[in-house]
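Chemist: One-letter residues, chain by chain:
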Amino acid sequence: MQHTWVILGATSAMARAFARALSEQGHALILAGRDMDDLKTLAADCTLRGASDARALRFDAREAKHDAPIFDALEQAEGTLNAAVFIGSMPEQARIDDNPLLLQGVMQDNFTGPARFLHAFAPMIEARGGGTIVGVGSVAGDRGRVGNYAYGASKSAFHTYLAGLRNRLGRAGGHVITVKPGFVDSAMTWGIKGMFLVAAPATVARDILRAVNKRRNVIYTPGFWRLIMLIIRTIPEPIFKKLSI
Amino acid sequence: MIWNHLTYSGWGRALAVTGDIARPERISALRALPAAPAIGNRRSYGDACINGAGPVIDMTRLDRLLSFDEDTGVLEAEAGVTLGEITRLMAPRGWLLPVLPGTGFATLGGAIAMDVHGKNHHNAGSFGQHVSAIRLMQKGKARQITAKSAPTQMRATIGGLGQTGVIVSARVQMIPVSGETMQVRESRVTGWDEHIALLDASEATYTVGWLDAGARGAALGRGIVEEGEIGPDPARPPRSPHTVPLTAPHWALSKPIVRAFNALYYRRVPAAGRTVTKRLEDYFFPLDKIHDWNRLYGKRGFHQFQCVVPPDKAPALHAMLSRIAESGLASPLAVLKRLGPGRGGMMSFPMEGYTLAVDFPNRARARDLIASLEGDVSEAGGRLYLAKDALAAPDTIRAMYPEHADWAAAAAKADPDGALETDMTRRLALRRT
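Protein chains in written order, with our numbering: chain V, 1 to 245; chain F, 1001 to 1433.
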């Protein structure tokens, strides 16, 4: 069956791979983000790959005023409505240390912006009695580390929000999946030192799609990150606080 | 971040450099970069896709299909999309790229910059001949060129090694096909004369000969000629690919192993020949099922020698093959093919005649042999393929490409500062006008 998916932050490599996988199954797509030229290019690509409809709309995590046209489009769409949130930004921790004002943007991009959208979207899922939300968090949100804890904190907040939303929408037939990717080979990680076991965006997209079909709650992708993060989470705080991993 | 600092090489892995690589995921990011040579999936073997003296731009993330006209069959796509991906997406809809090289990992931009050819070159010509428009990024500005609007730039860009600007996207004329499988007639040929005779006589759309480059004496030139026609059957699901996980030890392709492989490969086809049905991808891209097969040649890598000689110089090619066989250095799966005259650009490889491609592990003896073979090619009025070359000298190449001076002038006009130079253009002094 064909569904409508709204993809926030659709210009990211992971989102592009996910949108393409959905296209090949014939779904309708609303591709939302800030770079309209790039979104239009992606919309053309998705249409040629089999999407029943693909259109580009503006979404800005930091400005709510663009949200309305997306909701209008969703209202008019038939069938199940779904959303996937790939939005996010990761300034270097050192830059935030120099300028704490950057924290606000990090929280907007990774948490409050997506949550603002999803909070308005949730009633649509409840009204239609179904639909899936995919929220892309990060393994960085599982524990605060010295090298990346501002970003980690925003993702952790998003995880908590998604857990609550899952609790809420499950009662109405909807479903929420929290995706925690490890290192993904994208513009965000390109050239950053210390990357290992970097996953291709297409691999992550495939894992997410499988999780959607199986109605999983929380996934790590690639799957081995579940084990890595289990170890990292079990390290006692007195020891962990001395580590720089 | 914008720049990554990596060690990278061409497919042959014999020449490697360490340098900065940008990998833009959108056009706005590409536009913001300084002028630098563009690279794709680095399926050219030598140093055409590496730059030891500056940065490069990896185009593989600019890989969107932009438009397709069902009436005319014209596809427009970004340069980083692979030919295999185009095949996977378009073949089920009844459309195929008119020219496909031996690997589907080659990108659209790379196929244009190398003006690649396929097993149907005798009928269809080269890839660039089917490209109707190219969008080029020159000094941060994109502009579209066609054969009508800029004939010289078009002919300098097709087969132009990326020296006239970064190829951002292109329009290519697809051909309609009636099915998703290939009917392949495989015939054993016991020696050189029979091999050449069958290639000459073949009327098939796709024709290629696999050679046992180790066979000597009367068996010299023995192999299998494959003649393919697209058949009406629907595609079977693909088998999952294998990956060569590690760089192999140097003896992995040693003489006894290669000899055994070639013998098996030859005998696989019964003496009376056979007809098999293959998936399009399995036919066009036979080695793509083994990811990273170049690692089989070990740390030192390998060289592919590919030349073309005019039709009346087949005896010269025979003599070259004879020396290759005597050397015992060749690897499995050498290729012999008849080429037509079709070529799309000033620096395009194809010319009417016979082309021979042989892999050699990267050893001093093999490099010496290749050097002497290059001399034979020059003498026969033939040509070396820049997509494969890593060893030739400047004068050798200039003499083989009669339009070189025109091309160098066009490249100088498009890129006066030489910002797009690669290790290959410097080694061969190609940009010197």
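Accuracy of the hints is not assured; some may be wrong.
[Unchecked claim] Below, simulated BS3-like cross-link-like pairs (lysine-lysine); rule was C-alpha separation at most 27 Å, straight line:
id, chain 1, residue 1, chain 2, residue 2
1, F, K1299, V, K40
2, V, K242, V, K193
3, F, K1299, F, K1289
4, F, K1139, V, K40
5, F, K1299, V, K193
These are computed hints drawn from the structure, not numbers from a lab.
Chemist: Holds or violated: K1299/F with K40/V, Cα cutoff 27 Å?
Modeler: violated, 44 Å
Chemist: Given the hint that K1139/F pairs with K40/V, does the C-alpha gap stay at or below 27 Å?
Modeler: holds, 24 Å
Chemist: Taking only the CA atoms, is the gap from K1299/F to K193/V under or equal to 27 Å?
Modeler: holds, 25 Å
Chemist: Are the Cα atoms of K242/V and K193/V separated by 27 Å or less?
Modeler: holds, 21 Å
Chemist: Next pair to validate is K1299/F with K1289/F; report whether the Cα-Cα distance is within 27 Å.
Modeler: holds, 22 Å
Taken one by one, the earlier hints fail for this structure only at number 1.
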